[in-house]
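Novice: Starting from the known structure of chain A, arrange chain B on it as the hints suggest.
There are 2 protein chains.
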Amino acid sequence: MPPRSPFHSRLGEAAKTIREEKKMTQAQTAELMGVPASFLSDIERGVRNVSLSTLLSLSAALKVKLSELFKRAGN
Amino acid sequence: MPPRSPFHSRLGEAAKTIREEKKMTQAQTAELMGVPASFLSDIERGVRNVSLSTLLSLSAALKVKLSELFKRAGN
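Here the protein sequences line up with chains A and B, keeping their order. Sequential numbering of the first sequence, starting at 412, is according to the working numbering. Sequential numbering of the second sequence, starting at 412, is according to the working numbering.
No lab work stands behind these hints: they were computed from the structure. Since the structure is predicted, the reported quantities are computational estimates derived from the model, not experimental observations. Hints may contain errors.
Stated by the list, open to error - Listed next, the in silico BS3-like pairs over lysine-lysine satisfying Cα-Cα at most 27 angstroms (straight line):
| hint | chain 1 | residue 1 | chain 2 | residue 2 |
| --- | --- | --- | --- | --- |
| 1 | B | 482 | B | 434 |
| 2 | B | 476 | A | 427 |
| 3 | B | 427 | A | 476 |
| 4 | B | 433 | A | 476 |
| 5 | A | 482 | A | 427 |
| 6 | B | 433 | B | 474 |
| 7 | B | 482 | A | 474 |
| 8 | A | 474 | B | 433 |
| 9 | B | 482 | A | 482 |
| 10 | A | 434 | B | 482 |
Stated by the list, open to error - Facing chain A, according to a computed beta carbon distance under 8 angstroms, are these residues of chain B, among others:
| hint | residue |
| --- | --- |
| 11 | 420 |
| 12 | 460 |
| 13 | 462 |
| 14 | 468 |
| 15 | 473 |
We put the beta carbon where it would ideally sit given N, CA and C, even for glycine.
Just chain A, with the same shape it has in the complex (with noise of 0.2 angstroms):
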């Protein structure tokens, strides 16, 4: 699948970069956020267009803010 925009690109990238500097892999961070370890695959390559609940799951598994993540994505 092709990601869901280019934005939705830079914040699975942004997702992706912040988990890896926390040394955290992506079975543990979809284990904390109750997903499957390939929908944490598929947000990180922009390919789901993620909810608001999602993106409070992610936030919370990562310890990071929304307002952060969203910074470090460009928007």
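Specialist: Relative to the frame of chain A, chain B by itself:
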């Protein structure tokens, strides 16, 4: 319908405050977003689990960065 979560409410309130600061009506803003005014009303009341695509059109219509919107909503 009840709000999806306390944070969905806060995000909706922040969006409404920004819209009002910019002296825009729900109808004008919804038209820029290409959605019915009732949909924007649902977002502002926190009862919709908005997607990233919808957040992007809201951000474009209100000319506000998503990082700023989330910051004002407290995340």
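Novice: Once the shortest beta carbon distance from residue 468 of chain B to chain A is found, is it less than 8 angstroms?
Specialist: This hint is violated: residue 468 of chain B lies away from chain A, its Cβ roughly 11 angstroms from the closest one there, beyond 8 angstroms.
Novice: Mind checking the alpha carbons of residue 482 of chain B and residue 474 of chain A for me, to see if they're no more than 27 angstroms apart?
Specialist: Holds, at roughly 15 angstroms.
Novice: Is residue 482 of chain B close enough to residue 482 of chain A, meaning Cα to Cα at most 27 angstroms?
Specialist: holds, 10 angstroms
Novice: Are the Cα positions of residue 476 of chain B and residue 427 of chain A separated by 27 angstroms at most?
Specialist: Distance ~21 angstroms between residue 476 of chain B and residue 427 of chain A Cα, so the pair holds.
Novice: Check whether the Cα positions of residue 433 of chain B and residue 474 of chain B lie no farther apart than 27 angstroms.
Specialist: holds, 9 angstroms
Novice: With 8 angstroms as the cut and Cβ atoms as the points, is residue 473 of chain B at the interface with chain A?
Specialist: violated, 12 angstroms
Novice: Holds or violated: residue 433 of chain B and residue 476 of chain A, Cα atoms, limit 27 angstroms.
Specialist: Roughly 26 angstroms between the alpha carbons, so the hint for residue 433 of chain B and residue 476 of chain A holds.
Novice: Mind checking the alpha carbons of residue 434 of chain A and residue 482 of chain B for me, to see if they're no more than 27 angstroms apart?
Specialist: It holds: about 26 angstroms lies between the C-alpha atoms, which stays within 27 angstroms.
Novice: Quick one, are residue 482 of chain A and residue 427 of chain A close enough, alpha carbons at most 27 angstroms?
Specialist: Holds - the C-alpha atoms of residue 427 of chain A and residue 482 of chain A are around 14 angstroms apart, at most 27 angstroms.
Novice: Would the hint on residue 460 of chain B be counted as holding, given a Cβ-Cβ threshold of 8 angstroms to chain A?
Specialist: holds, 5 angstroms
Novice: Given the hinted pair residue 474 of chain A and residue 433 of chain B, is their alpha-carbon gap at most 27 angstroms?
Specialist: violated, 32 angstroms
Novice: Are residue 420 of chain B and chain A close enough, Cβ to Cβ, to be under 8 angstroms, as the hint says?
Specialist: violated, 11 angstroms
In summary, the numbered hints that this structure violates are 8, 11, 14, 15.
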